[in-house]
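The listed protein sequences correspond, in order, to chains X and D.
Heads up: the first sequence begins at 1 in UniProt numbering, then just goes up one per residue.
Heads up: the second sequence begins at 1 in UniProt numbering, then just goes up one per residue.
Derived by calculation from the structure, the hints in this document are not laboratory data.
These numbers come from a predicted model, not from an experiment.
Fair warning: there could be bad hints in the mix.
Some chain D residues judged to face chain X by a derived CB distance under 7 Å, without partners named [claimed, not checked]: (1) L25; (2) A193; (3) V199; (4) P211.
Yeah, the Cβ is synthetic: ideal placement off N, Cα and C, and Gly gets one too.
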Amino acid sequence: MTGALLSVRDLHVTFPSERGPVEAVRGVSFDIHRGRTLALVGESGSGKSATAMAAVGLLPPNAKITGEVSLDGRELLGLSDRQWSGVRGKRIGVVFQDPLSALTPILSIGRQLADAVRVHTDLSKKQAWTRAVELLDLVGIADPATRAQEFPHQFSGGMRQRVVIALAIANDPDLIIADEPTTALDVTVQAQILDVLEVAKAETGAGVLLITHDLGVVAGHADDVAVMYAGRIVERAPVKRLYRAPAMPYTLGLIGSVPDPHATHRRPLVPIDGEPPSPLDRPPGCPFAPRCPLVVDACRAAEPELIPIEDEHTVACIRAEDVVGQRPDEVFEGALAAPARAVDAEPVLRVRGLGKTFPITKGTIARRQVGTLHAVSDVSFEIGPGETFCLVGESGSGKTTTLLEILRLRPPETGTVEVLGRDLATTPAREIATELRRAVQLVMQDPQAALDPRLPVFDLLAEPMRAAGFEAAAIRTRVTELLDLVGLPPDSLDRFPAAFSGGQRQRLAIARGLATKPRLLALDEPVSALDVSVQASVLNLLAHLKNELGLVLLVVAHDLAVVRHIADRIAVMYLGHVIETGPAEQLFAAPRHPYTQALLSAVPIPDPERERARRRIVLSGEQPSAAALPAGCVFADRCQLRPTLSEELQNRCRTQRPALRDPDEVSGVSEVSGVDVACHAVNPPSDLTRAASGKEGRP
Amino acid sequence: MTDVGGDVLGGAVGAPSLRLGRSRLYLRRFARNRGALVGVVILVLLIGYAAIGTVFTPWSWSDQDFLALTQEPSRLHPLGTNQGGNDMLAQTVHGLQRSLVIALSVSVLTLLIAVVVGAGAAYLGGRVERMTLMVIHFLLVVPSFLILALVSNQVAGDWRVLIVVLTLFGWMFTARVVWSVSTSLRERDYVLAAELMGVSSWRIVVRHIIPHLGALLIVNFTLGVVTTVLSETSLSFLGFGVKTPDVSLGSLLADGAGTISSAPWLFASPAALLVLLTVSMTLIGDGLRDALDPTSTAGGRG
């Protein structure tokens, strides 16, 4: 192809390791043109980041790189460090995943931006500073002149990512490389950052290489997509074509395994069985063959080449023709079962007015309290038998604190917690330890961190049972049972967690949670640390276990799409408060609280046509600190609804904290929806004039 | 050394397959370090010398040859004799034994105390932690060598008492290091997970915190041996440690120092042994640190 901005040809990257060389990238070729966005999609270990880092010369010196990478016809591989410095930052700008570690904490934001400008131009310090302020303004930072003098820690996560984008475009680059730019951010902030990236692209006219694992982000913001698997590009097509007619089973599976919170009905979520192959031990044929439902013998013989099947659509699959036109749930088996209905009975867990505060202290020698952080305020809910209850919120909403407060099984700071009908404040500690502890167990977010790496599987699984006083013989039989229950081979017993893949480790963590036959299993972000294709199979396992064992699940999650597929009832949290709660179906079909609406709207849809056609609610700003709670509604400052309300109602939002109430009861609708909302503006009580706005409608 | 240390301090049971894999990995990283291998060879030779060195001479360390007082090395006495007619070879063998036994037992004991106190304080937190740290900091500022000298002088040079005394005044520094590392370990997710499963505090310390100190402990152990050998020899050199008729490397050095110009062989052989011992332990300690530290690049070449 001619006129390509960045042209990568047959790129190979190999890292040395104790167990032999690891081929991270194996023969990748692509072009990026000015003003277009190429998304490189893949799971962890697929080689997408190694590809991008090779293109900016930021791989560690022990990596072996072969192939060609040229920018406007100039070969980049083999440049000296000094020559690279003339390219990086000037012709290529990079946006990193974690904005906290991408900024120097000891220099002011303006100084860092000005330095970036001065490295490549001969502007004076003063001119560079002016340029820095301009850049901050461009990426949407309010009051840029003042904020330029502040330091990274005074910025929130989303603001920092804006600064990183400003750094990347400081010298008007021809190419912007964005490496998972929104993965570390909350979903409502993610939408803002993607918009800023669009602005940056429009402003510089640069080509963009967007690296991500999130097919939703790709659908809304890429022009072309290249899917990577096991170090190679396995499919490449314009974005609409790829979503409409994927020709590689892996792509099809990826699209099918992305939950869609906006679907009108609960679409079955299809899992891709197994895990990506280890780079040290790849099968001889197609690397996806062991996981592929359409595999034939020829797949295992030789690795298929990337061949064009239609204009601009290339694919590395010998069965491409059979794949086009299929639906994910037709190809992949084991679609997710719909959750069972809840039954009315004595609740397993009842939480009333739970509150938790942390003191904010200052000084090292004479420590004094300077404030109070209200992590959780007045949270109430109950969970009945056989029910799956989800606490949803962004980071800092207090959802994990709520979970831990319950699981510690100690009398809470304020409010009451009843487990199996017994109040923690009045039950003797001995009885809690012997009876309640085994009934309530936890599965943590990151299985790698939650499983002690120095203990073999047997000891890991035996630990909760030993703590609950099981007998040795009972433990031995139970451990084998547990492995079977979560679908791990029985010979895993003497292996260490490091020998398992991410999805298997989460299965282990779930097995450990089930060891004492608990009534209530609490899960803290159970799939957020896993790859997309593995998430679906873990969610399936949870749904299966729940139906089989009659478990009650309490799930904490930030990902609404995931929640949609397992929850019976949902509580949305914001700044330590539950702002809306109700049955999952209803909450997704007709969210009442403006924050819930915004949260739902922020989740990208994995379908380019729908994603680009819809109007999103992009909230301004970010969740404020819980150290200074506003007097009125906690969401009032960011509320997209408030400007449309009557003056009286606005005043009320500012001064009076809304309580959870059933909005339909007030307006006299007889049907009981079971939804409770903490908002003055949703069907306001009769003493207030109803505001003229269509807030009940879907965005 | 590596294998034994890794397994004992790694604290895990069972799982022969992976266990082997990991210790093999450590072994390979260790073996890549030339200096560490040299250290191992020297140490093995020294231990061999201490164990079976007496076969090279018919004399025992307490025998006195009155026909050969202060003699240069000869065929009968390969390393010469001292003023009392003791065979220097037999004496250095015995002295090395003494010094090694003292050094190893003191290292093991200080490590045990340091780990229990340091990790316990870190995990339990609160008042226990503050009190423990106060004691540690107090002991750290006390001039321990002076106290050591006074106490061991009182008890007249019994080597067993020396072990106790060296241990009592030697555990604080390691305990402080163990404490600071454990404070980060106690924040790990698996510790919280164990807590929420209802596992008792003591079990959490033993199962989830101490095993993760493994690398630190092994390195501290080897370097601790060096420190102990040096303080034992210094004490004995000054006359506060092992006393005649018993000998250690330190007391041999003290004896030899007086006649260094007239009978240099009395000083040379114990000094050479001491240097070899400390150098080998330091080399091994450095090698272990690089091999066990996953972030170290020294062992990571491919």
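Original post:
Any CB of chain X closer than 7 Å to the CB of P211(D)?
Top reply: At about 5 Å, which falls below the 7 Å cut-off, the nearest Cβ of chain X leaves the hint on P211(D) intact, so it holds.
Subject >> Proposed interface contact between L25(D) and chain X, which counts if any beta carbon pair is under 7 Å >> reply: Check passed: Cβ of L25(D) comes within 6 Å of chain X, closer than 7 Å.
Subject >> Hint check, A193(D) versus chain X [nearest Cβ-Cβ separation less than 7 Å] >> reply: Hint holds; A193(D) Cβ to chain X Cβ min 5 Å, cut 7 Å.
Original post:
Was the hint right that V199(D) lines chain X, CB cutoff 7 Å?
Top reply: 4 Å, holds
Consistency with the previously given hints is maintained throughout, with no hint failing.
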